[in-house]
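Visitor: Make a model of the complete structure from these sequences and hints.
Residues 1 to 531 (this note's numbering) are what the first sequence spells out, left to right.
Everything hinted at is true.
Calculated pairs, PhoX-like style, for lysine-lysine (alpha carbon to alpha carbon, straight line, at most 20 Å):
{"id": "1", "residue 1": "K349", "residue 2": "K321"}
{"id": "2", "residue 1": "K349", "residue 2": "K256"}
{"id": "3", "residue 1": "K349", "residue 2": "K249"}
{"id": "4", "residue 1": "K251", "residue 2": "K349"}
{"id": "5", "residue 1": "K262", "residue 2": "K249"}
{"id": "6", "residue 1": "K259", "residue 2": "K249"}
{"id": "7", "residue 1": "K350", "residue 2": "K249"}
{"id": "8", "residue 1": "K392", "residue 2": "K367"}
{"id": "9", "residue 1": "K349", "residue 2": "K254"}
{"id": "10", "residue 1": "K298", "residue 2": "K254"}
{"id": "11", "residue 1": "K262", "residue 2": "K275"}
{"id": "12", "residue 1": "K350", "residue 2": "K321"}
{"id": "13", "residue 1": "K262", "residue 2": "K349"}
{"id": "14", "residue 1": "K259", "residue 2": "K349"}
{"id": "15", "residue 1": "K298", "residue 2": "K349"}
{"id": "16", "residue 1": "K262", "residue 2": "K350"}
{"id": "17", "residue 1": "K341", "residue 2": "K249"}
{"id": "18", "residue 1": "K298", "residue 2": "K367"}
{"id": "19", "residue 1": "K275", "residue 2": "K349"}
With beta-carbon atoms standing in for the labels, derived distance ranges:
{"id": "20", "residue 1": "L288", "residue 2": "A394", "range": "27 to 35 Å"}
{"id": "21", "residue 1": "G281", "residue 2": "A122", "range": "52 to 60 Å"}
{"id": "22", "residue 1": "S317", "residue 2": "R451", "range": "55 to 63 Å"}
Everything labelled a hint here was simulated from the structure, so no lab data went into it.
Note that the coordinates shown come from a computational prediction; the quantities given were computed from them, not determined experimentally.
The beta carbon of each residue, even a glycine, is placed where N, CA and C say it ideally should be.
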Amino acid sequence: MTVRTRFAPSPTGYLHIGGVRTALFCWLFARRHGGQFILRIDDTDQQRNVEEALQPILDGLRWLGIDWDEGPEVGGPHAPYFQSQRLPIYQEAVRRLLESGHAYWDFATPEEIQAEREAAQAEKRPFVYSRRFMAETEEDAARFRAQGRQGVVRLKMPREGKLVINDLIRGPVEFEWSQEQDHVIQRSDGTVLYHLASAVDDHEFGITHVIRAEEHLSNTPRQVFILQSLGYEPPQFAHLPVVAEPGSKVKLSKRKLDKYLKNRDFAELMQLGQKIAEKIGHVVSSELFNPVIVDFYKVVGFLPDAIVNYLALLGWSLDDKTEHFTREELVRVFSLDRVNKAPASFDPKKLLAFQQRHMREVPIPQKVEMVIPYLQRAGWIPAEVGGGLREKIARVVEAAGDRLRVAGEILNYPEFFVADEDLPYDEKDVAKRLQQPGAAEILQRLEGVLREAEPFTAEHLETLIHQWAEKEHLGLGQVVHPLRVAVTGRSVGFGLFETLAILGRDTVCRRLQLARQKFAASATRPSPESA
RNA sequence: GGCCCCGUCGUCUAGCCAGGUUAGGACACAGGCCUUUCAAGCCUGUAACACGGGUUCAAAUCCCGUCGGGGUCGCCA
1 MTVRTRFAPS PTGYLHIGGV RTALFCWLFA RRHGGQFILR IDDTDQQRNV
51 EEALQPILDG LRWLGIDWDE GPEVGGPHAP YFQSQRLPIY QEAVRRLLES
101 GHAYWDFATP EEIQAEREAA QAEKRPFVYS RRFMAETEED AARFRAQGRQ
151 GVVRLKMPRE GKLVINDLIR GPVEFEWSQE QDHVIQRSDG TVLYHLASAV
201 DDHEFGITHV IRAEEHLSNT PRQVFILQSL GYEPPQFAHL PVVAEPGSKV
251 KLSKRKLDKY LKNRDFAELM QLGQKIAEKI GHVVSSELFN PVIVDFYKVV
301 GFLPDAIVNY LALLGWSLDD KTEHFTREEL VRVFSLDRVN KAPASFDPKK
351 LLAFQQRHMR EVPIPQKVEM VIPYLQRAGW IPAEVGGGLR EKIARVVEAA
401 GDRLRVAGEI LNYPEFFVAD EDLPYDEKDV AKRLQQPGAA EILQRLEGVL
451 REAEPFTAEH LETLIHQWAE KEHLGLGQVV HPLRVAVTGR SVGFGLFETL
501 AILGRDTVCR RLQLARQKFA ASATRPSPES A
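Guide: So this is what it looks like as C-alpha cells:
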C-alpha cells in the first residue's frame with residue numbers, strides 16, 4: 001500500500017514554525033516511502049478571505065521545499081482539497097451516522113449544555129452529556145422544534161469499553177469510551193465540524209498515516225469512532241511531541257511574542273531580523289514579523305535547508321552524532337520510530353548555528369545572488385547589476401566569510417557600497433582612534449604611501465604597511481586601527497588589507513582625506529602612546 | 001479538576017526495548033591558542049540520568065510509587 005500523508009492547515013494567514021515541523025515530518029515520511037504528501041485546507045470555520053490567508057502558508061512551504069503532490073494549486077484526483085467545498089460529502093457522512101445510530105439529533109441549547117457541564121464540575125465528576133434533549137424519533141424532533149429549539153448532530157459515543165490506539169510514536173494508548181463526549185459534528189446551521197470533516201477526508205483521500213502534533217492525541221478517539229462507524233479502517237496515527245517555547249516545555253505560540261522577547265536568545269534573533277528589515281524597508285508589523293513565523297526567515301535571508309535541518313532534529317535524531325543533513329539525506333534516513341516523545345523547545349541559537357553551517361557550504365556565486373536583492377532594496381546598488389559590480393560583491397562576500405550568517409547581513413557592511421560622503425561613522429570608534437593626537441599626521445602620511453602603492457592588492461598592501469610602520473617606529477596597532485576607522489567608519493570588519501584592496505585606491509585615499517578633515521584635523525600633537 | 005502523554009547536561013539529544021559505557025555528541029557557556037578588529041578555526045573545561053522503593057552480583061536501562069512538566073477538555077482547528 002502506498003504511503004499517503006497529509007498536512008492540514010487552516011488558513012490563518014501565517015505559517016507557524018511548529019506547523020512546519022509537522023509538515024516536514026509528514027513530507028519526509030511520505031518521501032522516504034515513495035508515497036504522496038497531500039495538502040488539505042481545513043477551512044470549515046472560516047469566514048475570512050481564505051485565498052488571502054492561505055497564500056503565506058503555501059509560499060512558506062514552497063520556500064522550504066516541502067512540495068505537495070495533491071492540494072491547492074496542484075489539484076489531484078480527490079479535488080477539491082478545501083474542506084469548505086466538500087460539504088455534500090460530509091453531509092452524506094452525517095446522514096449515514098444518523099441512520100446507523102452512531103449519531104443523533106440533539107436539541108439542547110448551549111446554555112443547557114453549559115449548565116450540565118458546570119454541575120458536573122461542581123460535583124467533581126467527569127462531565128458526560130445526559131442526552132436529555134436527544135431526539136430519537138421524528139416526533140421527538142418535531143416536539144423540540146415546536147419549542148423553538150435548533151438541532152445539532154452529536155456523536156453517540158459508547159458508554160463502556162475502551163479503545164487502544166497503537167500510536168507509531170507512543171505505542172499503545174488507552175482511552176475509556178465513557179470519558180468521551182458526545183461531540184457536535186454538525187452545527188445548527190447545517191455546517192459540519194472539524195472532527196467529522198477531518199476523519200471523512202482522511203478516508204476519502206486514502207491517508208494511510210496521520211502524523212500530527214500531540215495536541216491532537218486526545219481527540220483521536222472520536223475520529224476513530226467516526227471512521228469505524230462509517231465502516232472505514234482508521235489510518236495509522238503518529239503523534240509528534242509539541243515544539244515548545246525557548247527554555248520551556250509549553251507549546252510555542254504566535255501570540256506570546258512579548259514573552260519570548262524576554263528570552264535573550266530569542267530577542268537576539270529578533271534584533272538580527274529587525275536590523276535587516278529596517279534597511280530593506282520591510283514592514284515590521286509585530287504580528288507577522290516574528291521568529292515563530294516562517295516568513296521571518298525568508299525576509300531575513302535564511303537558507304531553507306538550514307531550517308529544515310534544524311527542525312528535523314526537533315524531536316527526531318538519527319544516532320548519537322550525525323546532525324548535519326541535506327534534504328536528500330533526511331529523506332533517505334528519516335523514520336518515525338526515532339521520533340522522541342517529550343516536548344522539544346525551540347532554540348534560536350542552535351537554529352542560527354545550523355544556518356551558519358549550511359551557509360558555509362554555499363558557493364560564492366550563489367551567495368552573491370542571495371545578497372543582491374538586499375543591496376538593491378537598501379538602495380545601495382542599482383537594479384541592473386553589471387559584471388564589475390557583481391565581481392566586487394563577490395569579493396565582499398568572500399571577505400565576509402562566516403560573518404555573513406544570513407544573506408541580509410550583507411547590510412552590515414555599508415562601507416563597500418555607499419558613497420564616501422555617506423559613510424556612517426561609529427562615534428566611539430572615531431573618538432578612540434581618530435580624535436587622538438598624532439592620528440591626523442599618521443593618516444596623512446599613510447595616504448601618501450597608499451597613493452603610490454603598486455599593485456593595490458591585499459598581499460602587497462600588507463607587506464607595505466608592515467614595512468612602513470617598522471621604518472617609522474610605529475606599532476602596527478597605531479597604524480592599522482586609525483586606518484580602519486578612517487576607511488570603514490568603525491573598528492570592526494573584515495581583514496583590513498582585503499578591505500583596502502576591495503575598496504580600491506581612490507576610495508581609500510578619499511576617505512583618508514575626509515576622515516582627517518572631519519575628525520582629526522585639530523589634533524596634531526604627537527601621541528603620548530608613541531613614546 | 002478529569003482524561004491522556006512525558007521526564008538524561010541550560011537547550012537539542014545518544015544510550016533504555018535485548019541491565020555491565022570513565023553516561024557519548026551538538027548548541028550555548030567559560031578559559032586558552034591564533035590574530036590588525038570582529039567573526040571563523042583549533043585546544044581545554046564546567047555541566048545531566050527528577051526522587052524514593054524494589055528486582056538483580058550489577059539499574060539511566062526492568063517493576064512499583066511519589067513528585068514534576070506538558071497536552072486536552074468548544075456549535076475552534
